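Just so you know, the sequences run in chain order W and C.
Taking the numbering used here, the leading residue of the first sequence gets 2, the next gets one more, and so forth.
Taking the numbering used here, the leading residue of the second sequence gets 93, the next gets one more, and so forth.
In case anyone wonders, no lab produced these hints; they're calculated from the structure.
Values in this document were obtained by computation on a predicted structure and should not be read as measured data.
Please note that the accuracy of each hint is not assured.
The following label-pair restraints were derived from C-beta to C-beta distances [as the list claims (entries may be wrong)]: (1) 392(W) x 235(C): 30 to 38 Å; (2) 235(C) x 310(W): 15 to 23 Å; (3) 124(W) x 142(C): 57 to 65 Å; (4) 431(W) x 102(C): 51 to 59 Å; (5) 315(C) x 419(W): 40 to 48 Å.
We put the CB at the ideal spot given by N, CA and C, even for glycine.
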Amino acid sequence: MHRIGEAVDGNVSGYAVIWCPDFRLQAVVRRVNWREDPVALVDDQQRQSIVLARNVAASREGVDVAMKTVQALARCPALRVERPSASGELAAGRCLLETALGWVPGVEETEPGLLTLDLSTQVEEAWLESGRRIRGRLYDVGFEVAVGVGETPSLARIAALAAWQKGGSLWHLHRDNRIELLDGLPLTAAETGEDLNERLRLWGIETLGAFARLQREAVASRLGEEGVKLWLRLTGRLRRPLKLARLEQLFEEHHDFDYEVCDRESLLFVLNRFIKGLSSRVEQTGRAVIAVHLLISYADGGCYAKRLSLPEPLLDEMVLFRLVSSHLEALEMKAAVEAVRLRFEPSDPVASQRQLFGAGLRNRFQFEDTMKRLRRLVGTDRVGAIRSLDSHLPGVFQLVSLPDEIEEVREHCGPPTIGLVLRRYATAIQARVMLQGERPLQIHSPRVSGIIVNASGPWRSEGDWWHRGREWMRSEWDVEVMKQGLFRLVECRGEWEVEGYYE
Amino acid sequence: MRMKNSEKVALDKVVALQSLRQQLGEELGQKITSGAELLDEQQRRESRWSSGREDWDASLGGGWAQGQLTELIAPEVSTGSGLVMAQLLARARQERRYVMLLDVGQGFSMEGFSANDLETLLWVGCASAKEAIEALDVVSRDENFFLFLIDLRDSEPSDWRSVRASQWYRVLGQLRQRESVALLFARQAVTAVAKQRLELKERLSWESLEGEREVLKASIRFQRSQVVAPECKRRPWEDCRGEILAVG
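With the rest of the complex left out, here is chain C (with noise of 0.2 Å):
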């Protein structure tokens, strides 16, 4: 197949900057970082809090992103999203550290979990998404609070879609203050201000219902997937980045 007219420009200036930028090395004899490199350096150094499983760290880029929302996409039911919130309960129990979960639609269920990990869960049942964006806003205020999980699971999309912006910002800003770790458990995704979109694709099995916990966990694979807004796709242009060099 002949390749495009625009495709063969696009290469030629991937190979003319590559050229660019060993000129430059070999000139000022320095390290040569561009602006995707900071970024992608910039992410690492971010706080994270460990899972408490190495192979769920490793998929995390270090574990849950602290100071940030990270949305939980279970498109699906029994994905394992359950699972991830009792391994998260576990751990923040383990590190005796109390989290709140705003259950939105009331549907916990005390049965999967260990009576010693539900010691630290202070639950808040909420009505709707709205309610439970405006209790997230005054409890991420508290910094007694490390872990926030808010569950949209069961949630409709018209429900989710009447949480204004400007509230997920406020509530960001109290996030990245108080370092703490926000998770959304959502059927699809809810704002453009999570900093992490991972997805749950896998069904799990019959054999599940009576597998090994440990087991079960190590089997679940995140994927990661884009932050785009919901409500506005982004047009092709507006993800097109341009490589801005910088000397280090």
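So that you can see chain W by itself, here it is in the shape it has in the complex (with noise of 0.2 Å):
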């Protein structure tokens, strides 16, 4: 039997918050990479444009947050304004997800710039560890964060305010010292409201740690449901289940074209771009691509949009922007290109290995462009592996897709070991053919003519009399043509055809 809290393999379970403070910023400044100039993001939806959220350079000269643009930029002239980009906070999400995918698999977008993560699936030794790592690459990626760690997710977050809070980077709210450690943290750090926390500073609670040392009963008679709620948060007894992440939906890049583009190069251009990010971010991972899939929205207000499959999963550059640029070569764009969105599917790398002696396609991929430009070439239905169909119709095959592997030559099976080699024409040639008694005596055809010095039939045969409309029946025989050669003779309802000769 495992207690509570312990994971079933052994490792205990405890979770991670990865919190980016004034993430819409963040999400601007990372991309403009202005980290060390005062930068302010400001709302001008307003009748007054005010500072929603500011940078560390920026609050050293004295912007504040709510305060009007105009005054902001009295107080700093250098200062930076900016407003907020939803597609730079999408990418900005998506870089944060698909990082702390790297750290474990099961990871909850709790709110935007706020990730949970369960831990349960790491040993708890590698915990402080791995965070660390976590956040120092989140760094070079032009994101500041906040790493907490505790038994639950309501623990991580409070430990995740506090670092920041502190000025540290990881801060761990251990099960041992969990009491202790909440004695430092202020009232605010557990996000409560202001009546609450006016209330308990009222009683002489100031600290996390001292309401955590108040009894369940005497908690819930004086302060209700909230107060209940947050003893037990900070008692380690209130968990939720998470929502976790869904990779499917992560690797996705977008891009609206300042104007509209009209020629395939402007685009090629972004989605190699694309692809090459997308490709590292899918890498760090450890999956592969499956699939890509492609929307192009056009100024008339159309769209196209298109999921080009991969044979295997890969992670190749090159290949995948040869899939997209072919893709993009044979489409008609009706109109100028106004934006363009790229997605990833990912999947798990391929884990067959060809038997040491084993024989196949060397290059799926190369055989998969080949196709296609081969069906494009000659039409769908005019390119495949032969496979006989469950008819006695001579003449009649299926095309198949050629198999990956080629096995070893099996005993031999079905005909033929003796005759020739029958080559039918494209089209039947009707012929005259004089008869004696039944047997053929001499043709008369655009193709062949003379006189016959040996036949072998009639071969007879009939089939699909149990349709109608699709029943047939015809007799066959084997000729030789007096120093043409060998042909094939057909009979149905009295009209002679040559159907193609022996080789």
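Mind docking these for me? Both chains are given alone in their own frames, and the hints should help you get the complex.
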């Protein structure tokens, strides 16, 4: 039996929260890379433009949240004013999530800029080191984050807030000294309401640790549901299941062109950049790409969407670019392009390995590419591996895909070990045949005419009489026409045809 | 009959050349090789893909030429080109290699082949010779395929004459790069790009319709013929090759 709070496999259950403060601002600052300059994010949708968020450099110059933009600029003339960017926030959110997935597979996007991770898949000793590493990796891609680790998602969140407030990078609310650590945290670290904070302050409770030491019944009788909820959070008794992020919807890039694009080169340039970025992001999660989703928005309001599937998961940028570019080459763009979106569908990389002495397709991607080009050239119904149909009607076969692997030759199966090979004419040739009794004696046709010196037949067959309109009946004759070769004649309801010749 | 003056001069030249060669050999004490012999030696060194039959390999110079285009001319019906195709497919299947058949006229009939041998065959039905060569241009770049069969037996000369020489050369370049084998089945010479041209002149008899395949294959005789561009026959003096001596 395993204890509550301990995962089945022996790993202690724990959670981490990665918090990116002022996420909207960071999404913009990260994109334009103005970390050192004073930057403010403003809301100019209101009657008067106000500051929504500012970075540390701007704060040092006296710029504050909710300040009028004009006032902020007066205080800090060098202030860079930015507007919120939905696409920037989307990209930043994706980047955060993908990086977090490099730590553990169970990640919840709790809110924009705040992720909750289930650490039960990792041993406890590695949590802090992994947390530091992930923070460093996020810093490299332009994020300043705080990481909190705790027994529950709520405690991990409190730890992350505490880490940021205390100016640290990582906090671990360990179960052995949780109360002592909470003693050092103000009530605001638990994001409680102003009313509750005020009442607790009046009672002389200043820290979260002091509140956690209270009796549950006393809290319930005096503070009601809100108080109990906070008490459960702080004592690690409030647990909730995580809504894990789906990896399939992650690897996506979007670009709105500043001007309408009419040529493919510009589009390919952007797509190439997307492919490089997305490939490395997919690689970080240990996955490969199984399909590419392309979405093009046109200036006339229309759009084009296509899922380009790959024969097997891969991460080769060149192959992915060739897949997209060859598709774009064949695409007729009816209007100028306004925006483009590319999404990679991740999959587990190929785990199979061919047998040492196995034979088959050497390069499946090249094969798929060849097939596509061949089908475009000759038509989809004229390329394939020939297989017999369940019918006695001569000359019919079905086309299937070529097998990926070639097995060893089995015992010889089926005919023929005798005779010659028949080749049919593209269309059977009408013929006039002179008979002696039932046997053909002479033939006249555009392809072959002459005296029949040898004949063998008739070989009668019929079929599909149970399908109205599709029934067939024929008599075959193998003949040798003097000095011309061996042919097959077919008689059907009194009409004669030269079906083909023997080679 | 009296020997013509020009023939007498040519014979004198050959005798003089042979004596010179003997003299050089004696003085230098090294092996003396002529240019023609060098070319023959190089041809012998070229990669060959065994046909799977010793008798055929002997007449083909070791097998089918790799990285080259070989024309198999069957001027008339029932000369055994179908048996050659069957042997090629069986051999490729045995070696677990993929084969592509570019079938102009789409007259391929699976009845004459073993189901086993068709397992690795990719059939491409082409409407014209031009389309087939365009398809060959695409597929010859693919490293998955080793053997390419181009069936122009039912194609009219006006059809394959529309194929530009540059297309043939491009395909040849790709075949060389991949060391693939390509066989062109036709009723007459199609392109000067072909390295080897083999003819099947003997028509098979009525009895072959029920004859053993192996016996029938053994009866096939390949006749080598000179590769000359079908569009423009060479003038007589272009065939004259000077003897270049090389000291090896």
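Results for each hint:
1. 392(W) x 235(C): 30 to 38 Å: Given range 30 to 38 Å: holds, Cβ gap about 36 Å.
2. 235(C) x 310(W): 15 to 23 Å: holds, 22 Å
3. 124(W) x 142(C): 57 to 65 Å: holds, 60 Å
4. 431(W) x 102(C): 51 to 59 Å: Check passed, 57 Å falls within 51 to 59 Å.
5. 315(C) x 419(W): 40 to 48 Å: violated, 26 Å
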